[in-house]
Structures are given as structure tokens and as C-alpha cells.
Amino acid sequence: MTTALSGQEVSRQIGERFPDAVLQSDEAAVVLRGESLLEVAQFLKTTPGLEFDYLASISGVDYLDYLEVVYHLTSMKNNHSLVLKVRCWDRDKPSLPSVVSLWRGADFQEREVYDLVGIAFSGHPNLKRILLWEGFEGHPLRRDYL
Amino acid sequence: MMELKTEPVLINMGPQHPSTHGVFRMRVTFDGEVIVDMEPVVGYLHRGIEKLAEERTYTQVIPLTDRLDYVASMTNNHAYVLAVEKLAGITVPERAEYLRVIMDEMMRISSHLMAVGFLLNDMGAFFTPLMYMFREREKLLDLFEMVCGQRLTYNYMRIGGLSHDIPPEFLPALERFVQEMPHFIDEYDQLLAENEILLARTKGVGVLSRELAINASASGPVLRASGVSWDIRKADPYSVYDRFKFQVPIGTAGDIYDRYWVRIQEMRHSVRILEQAIKGLPSGEVMAKVPPLLRPPQGEAYAHIESPRGELGFYVVSDNSIAPYRLHIRAPTFINLTTLRDLVIGWKLADAVAVFGSIDIVLGEVDR
Numbered sequence: 001m002t003t004a005l006s007g008q009e010v011s012r013q014i015g016e017r018f019p020d021a022v023l024q025s026d027e028a029a030v031v032l033r034g035e036s037l038l039e040v041a042q043f044l045k046t047t048p049g050l051e052f053d054y055l056a057s058i059s060g061v062d063y064l065d066y067l068e069v070v071y072h073l074t075s076m077k078n079n080h081s082l083v084l085k086v087r088c089w090d091r092d093k094p095s096l097p098s099v100v101s102l103w104r105g106a107d108f109q110e111r112e113v114y115d116l117v118g119i120a121f122s123g124h125p126n127l128k129r130i131l132l133w134e135g136f137e138g139h140p141l142r143r144d145y146l
Numbered sequence: 001m002m003e004l005k006t007e008p009v010l011i012n013m014g015p016q017h018p019s020t021h022g023v024f025r026m027r028v029t030f031d032g033e034v035i036v037d038m039e040p041v042v043g044y045l046h047r048g049i050e051k052l053a054e055e056r057t058y059t060q061v062i063p064l065t066d067r068l069d070y071v072a073s074m075t076n077n078h079a080y081v082l083a084v085e086k087l088a089g090i091t092v093p094e095r096a097e098y099l100r101v102i103m104d105e106m107m108r109i110s111s112h113l114m115a116v117g118f119l120l121n122d123m124g125a126f127f128t129p130l131m132y133m134f135r136e137r138e139k140l141l142d143l144f145e146m147v148c149g150q151r152l153t154y155n156y157m158r159i160g161g162l163s164h165d166i167p168p169e170f171l172p173a174l175e176r177f178v179q180e181m182p183h184f185i186d187e188y189d190q191l192l193a194e195n196e197i198l199l200a201r202t203k204g205v206g207v208l209s210r211e212l213a214i215n216a217s218a219s220g221p222v223l224r225a226s227g228v229s230w231d232i233r234k235a236d237p238y239s240v241y242d243r244f245k246f247q248v249p250i251g252t253a254g255d256i257y258d259r260y261w262v263r264i265q266e267m268r269h270s271v272r273i274l275e276q277a278i279k280g281l282p283s284g285e286v287m288a289k290v291p292p293l294l295r296p297p298q299g300e301a302y303a304h305i306e307s308p309r310g311e312l313g314f315y316v317v318s319d320n321s322i323a324p325y326r327l328h329i330r331a332p333t334f335i336n337l338t339t340l341r342d343l344v345i346g347w348k349l350a351d352a353v354a355v356f357g358s359i360d361i362v363l364g365e366v367d368r
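These protein sequences, in sequence, are chains A and B.
Position one of the first sequence corresponds to residue 1 (our numbering), numbered consecutively onward.
Position one of the second sequence corresponds to residue 1 (our numbering), numbered consecutively onward.
Don't read these hints as lab results, they were simulated from the structure.
Watch out, some of these pointers could steer you wrong.
Stated by the list, open to error - Calculated pairs, DSS-like style, for lysine-lysine (alpha carbon to alpha carbon, straight line, at most 25 Å):
#1 B:K234 with A:K45
#2 A:K77 with B:K51
#3 B:K86 with B:K203
#4 B:K5 with B:K234
#5 A:K77 with A:K45
#6 A:K93 with A:K128
#7 B:K245 with A:K128
#8 B:K139 with B:K279
#9 A:K77 with B:K234
#10 B:K51 with A:K93
Said to hold, decoys possible - Sample of chain A residues with no beta-carbon within 10 Å of chain B, all distances over it, derived:
#11 L5
#12 S11
#13 G15
#14 F18
#15 E39
#16 Q42
#17 D62
#18 P97
#19 W103
#20 D107
#21 A120
#22 S122
#23 R129
#24 L131
#25 L141
Bear in mind that the values here come from a model prediction, so they are computed numbers and not experimental data.
Even for Gly, the Cβ is constructed at its ideal location relative to N, Cα and C.
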């Protein structure tokens, strides 16, 4: 059985290394500050005992107040999982760091979030629309898109 | 001697091309006959299923999931209802869980038969092996038709169980299939496994390394062929998979042959699971008490299953209304395509077709 790690427990470990990185945390998830995503992701991937080597899924959600990107991480070595979230308050030009340099699996998934939710991932090697065509206006999975 | 210069040539393969299994486009750059660059272009079948789901009640989303991976609709149903059940805290009757496992494993065999058949088709074994595979797939489709009246888009599972119980003639027919199937798998093996052309075309071609497979979030047979023992049925058992004895075949080389071999072996183990599930099938209800208009509590859930093509995940966010606030589908073959470029560079066009066939994509799921 894959153990879902407690968000609070992991956020304590993150806090020891990066005191300002965690915005909030509960049992289910850790919410990070956007600017510290990349270094924390690196930490989660390489720290013994955590070793999140597999990025299962990236989802973008529009909560109207803010946009959220949810990372479902899995460690195949330790068979545990973690839900990591980052938020973006700027609806006009939302931007987050890309994690493609750590997990190649993020490549298409970040393009999908960019395409449908409209969050730009800085540092992505080939950020362009993937499911819709170039020139399409708007981002359909925003809640205010009709 | 005069020096010859070559210029790279860009060729569009698809979206209308018989080897792309649907509407998929590869922008391939060749230097002579050798591929130097490739860019996959998807989205031709994008129907906005995630957006459509936001306008439908939780139950109305189930037929939409049939249209994702239309070669394995049952597993899509299963992954979705699993996510909603997790979100709403619904316990499913045991008989329904067993029947879900039976459906999933029938689906896996049926889907792998198609995957292997079309892979051989792509490599030039025109339709003869495919028709052998379809002979068995046909029996499975008949069985599916028995339980829900459909042969492709089943819409059989419900939040809390199944739409209805199996008819009395189903189990005897399935038992017969389970008895016959190992013999047919042996037949495929005899016909193909040591075929010289097949070996020459597949051994060492399109190798996906273990490290890259994990790093690029590959899943399913593509991941396991690269030597990673990761099957969600074992790693994170859902339904009643923890009650069955079966093995997870893993490859060593990560080439086309291993992806082919893993699928053939998986069918054998699926048959073993079917045997055990028929034996252990309890009697009783197939549907839990679920309100007709479900309003799951505010929150979110991610459920994943081992579909024939890999980790199929549904991320559902609820705002306590009758429709999902957000539904995200983690489609295994969409993500498996990430490494396609790495696999085909340095090979020739005919190899690219075989590599692509061995990843076994379904565009309904890639484009959603």
C-alpha cells in the first residue's frame, strides 16, 4: 500500500531547510510559495527518506481567488506519496517555476496546464499550447471561461 | 572525391496516417533515412472532456469517461468511480468489487490483444496476427455485451457499485474463456516469439532506460519493460486486488520486444486473476446505498488504477454541489509520449512506426 505522507510532517522537514518556503500545510497536502517551488522540489527528490523520484500527475485548478497547481508525487523506492500545491494570485500573468529540469514527466503536463488553465512555467524548454491550437484565445479550464 | 552534402528534410506523418492509430501527427526531421528530430503534435481529438464534466452531475460523467481510452472503457469507469467514492466516502459491496476486478482484467486482456496485434501490423505482419488476436477479443466483447449491452463504451460501473448484476449465462461463458485462453496465448508465443523478423525488428530498438522511464513518469507496460517493478495493483492495491495471487512481469532491456513480451505475459496473469475472482465471487448486492443526486463534501481526491496502458488517475475537486468543481484526468499514454522523441532519434522511419506502436497510445485518452 502506498503510504500518503502527512503534509505537516513533510512541511516540518522542509521548514528546517527552507524556513520561508511553506505557506500552509495540513494532513493531506503541503502548500508552497511559488518562488521556492524548484528548490523544495529538488529537496524532496534527493533527500534520503523522501526520495520522490516519480511525478505522477500535475493538475491545474482555478479557485477564482487564485490559481492552484497540484503535484502528486510518488516515491517508488519508499512507496509513499505526497500532494504538493502552489498558488498564483495574479490572474493576468500567472507564472510559476517549471520542474521539467527535475522530472521530465512534467514536460507535457505543464504544457497542458499552460494551455488549459493559463499558467506560464518559467524555465520550461518548449512552453506552447499542446491540446488546443496556436492562436486559440483564452484558457478553457478557467472557471470564468464560457 | 567530391564531397556530398545532405540537407535535413522535414516530413509530416499524420494526422491522417494508418500507422498513427488515430489522429496523431509526428513532425519528423530526417537526415537521409535517419531521424534527427521528432516532435509529437496532439490535440486533434480534444473534446474538452474535463470542461464538459464541470457541467454534469457526478453520475453523468461516467459515460464521458468511456470516451477516453475507448479500447479499455471499463478501466476508465473504474478509475473515475473510485475517485468519487474516495471523495464521498462510499463503501462498495464486495460482489461489486469482485465483478469490477473481473471486468478490469477482461479489459486488460482485450486491450493487450489489440496492442500486440496492431504492433505486429505496424511491423508488416499485415492483419494475420491481428485477426488471431481479434478472434479472442471478440469473445470478450460478447461477454461485455452480455453484462451491459455494449461492446465498446460500456457505462457499466456506478458510484457505489455497478449498474446491475451479471446475467446467469455470463459466468459459464467466462469460465470457458478462462480455460481456453492460456492455450491461445501459447499459440501467439509459438507463432511470434521466435520469429526472426520480429526479433530483428524489435530487439535493441527504441530502448527506454530505467532512469529515463521513471524520470519521465512513464507507466504501465512501457515502464515495466524498462525493468521497473511498479504495478499499482501491487504497489497501491485498490478494489480487492490484494486478495489475488499474481505476478508482475518485468522486462530487462526496455526495447520494443520487451514491451511486446510484457504485454503477452500480463495476459497470462490476468487469466490467473480471473480464475481466482470467479472462484471467490461472493453473492449479494452490487450497489451501495447512494443518493440519486450525489453531493460529495467539499474537498478533493486523487485515485489511480493500473489501466492496461499505465497509471490512470482522476483528480476530483468538489465544492459540495452536484457537479465536479474540477476533474483532471491523468492519462497514461499522454505522458508516455513524453519520451517518444528520445526513443526514435537515430532510427529509421520504419523503426519509428514500430516504437510508436509499442507505446500503444489511444488518442481518445491522449487528447481527452
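Now the hints, each set against the structure:
Restraint check: the Cα-Cα separation between K234 of chain B and K45 of chain A comes to about 23 Å, which is no more than 25 Å; the hinted pair holds. The hinted pair formed by K77 of chain A and K51 of chain B fails the criterion: a straight-line CA distance of about 35 Å is larger than 25 Å. With a CA separation close to 42 Å, the supplied pair K86 of chain B and K203 of chain B exceeds the 25 Å bound. Distance restraint check for K5 of chain B and K234 of chain B: the Cα-Cα separation of roughly 54 Å exceeds the 25 Å cut-off, and the hinted pair is therefore not satisfied.
A threshold of 25 Å between alpha carbons decides the hint, and for K77 of chain A with K45 of chain A the separation of about 11 Å falls inside it, so the pair holds. In summary, the hint linking K93 of chain A to K128 of chain A is supported, as the alpha carbons are separated by about 15 Å, within the 25 Å threshold. Annotation: proposed proximity of K245 of chain B to K128 of chain A is violated, straight-line Cα distance about 45 Å (limit 25 Å). Distance hint between K139 of chain B and K279 of chain B is fulfilled; the C-alpha atoms sit about 20 Å from each other, no more than 25 Å.
Taking the CA atoms of K77 of chain A and K234 of chain B, the gap is about 14 Å. The hint holds against a cut of 25 Å. Between the alpha carbons of K51 of chain B and K93 of chain A the distance comes to roughly 22 Å, so the proposed pair stays at or under 25 Å and holds. Chain B leaves L5 of chain A outside its interface by the beta-carbon criterion, the shortest separation being 13 Å against a cut-off of 10 Å. Interface exclusion of S11 of chain A from chain B stands, the closest Cβ pair being 18 Å apart, more than 10 Å.
The claim that G15 of chain A is not at the interface with chain B holds, since no C-beta of that chain comes within 10 Å of its own (minimum 24 Å). Listed as a non-interface residue, F18 of chain A keeps its Cβ farther than 10 Å from every Cβ of chain B; the least gap is roughly 23 Å. The claim that E39 of chain A is not at the interface with chain B holds, since no C-beta of that chain comes within 10 Å of its own (minimum 19 Å). Interface exclusion of Q42 of chain A from chain B stands, the closest Cβ pair being 14 Å apart, more than 10 Å.
Consistency note on D62 of chain A: stated as away from chain B, yet its beta-carbon is not over 10 Å from all of that chain's, at 8 Å minimum. Under the 10 Å C-beta cut-off, the non-interface status given to P97 of chain A relative to chain B holds; the minimum distance is some 18 Å. Distance check for W103 of chain A against chain B: the nearest CB is about 6 Å away, which does not clear 10 Å, and the non-interface claim fails. For D107 of chain A, the requirement that its beta carbon stay farther than 10 Å from each beta carbon of chain B is not met, with the minimum near 5 Å.
For A120 of chain A, the shortest C-beta to C-beta distance to chain B comes to about 19 Å, beyond the 10 Å cut-off, and the non-interface label holds. For S122 of chain A, the non-interface assignment is confirmed: its Cβ lies about 20 Å from the closest Cβ of chain B, beyond the 10 Å cut-off. With a cut of 10 Å on Cβ distances, R129 of chain A falls inside the contact zone with chain B, its closest approach being about 8 Å. At roughly 4 Å from the closest C-beta of chain B, the C-beta of L131 of chain A falls inside 10 Å, breaking its exclusion from the interface.
Remark: the non-interface label on L141 of chain A conflicts with the geometry, its nearest Cβ contact in chain B lying 6 Å away (cut-off 10 Å).
Comparing the model with each numbered hint stated earlier shows that hints 2, 3, 4, 7, 17, 19, 20, 23, 24, 25 do not hold.
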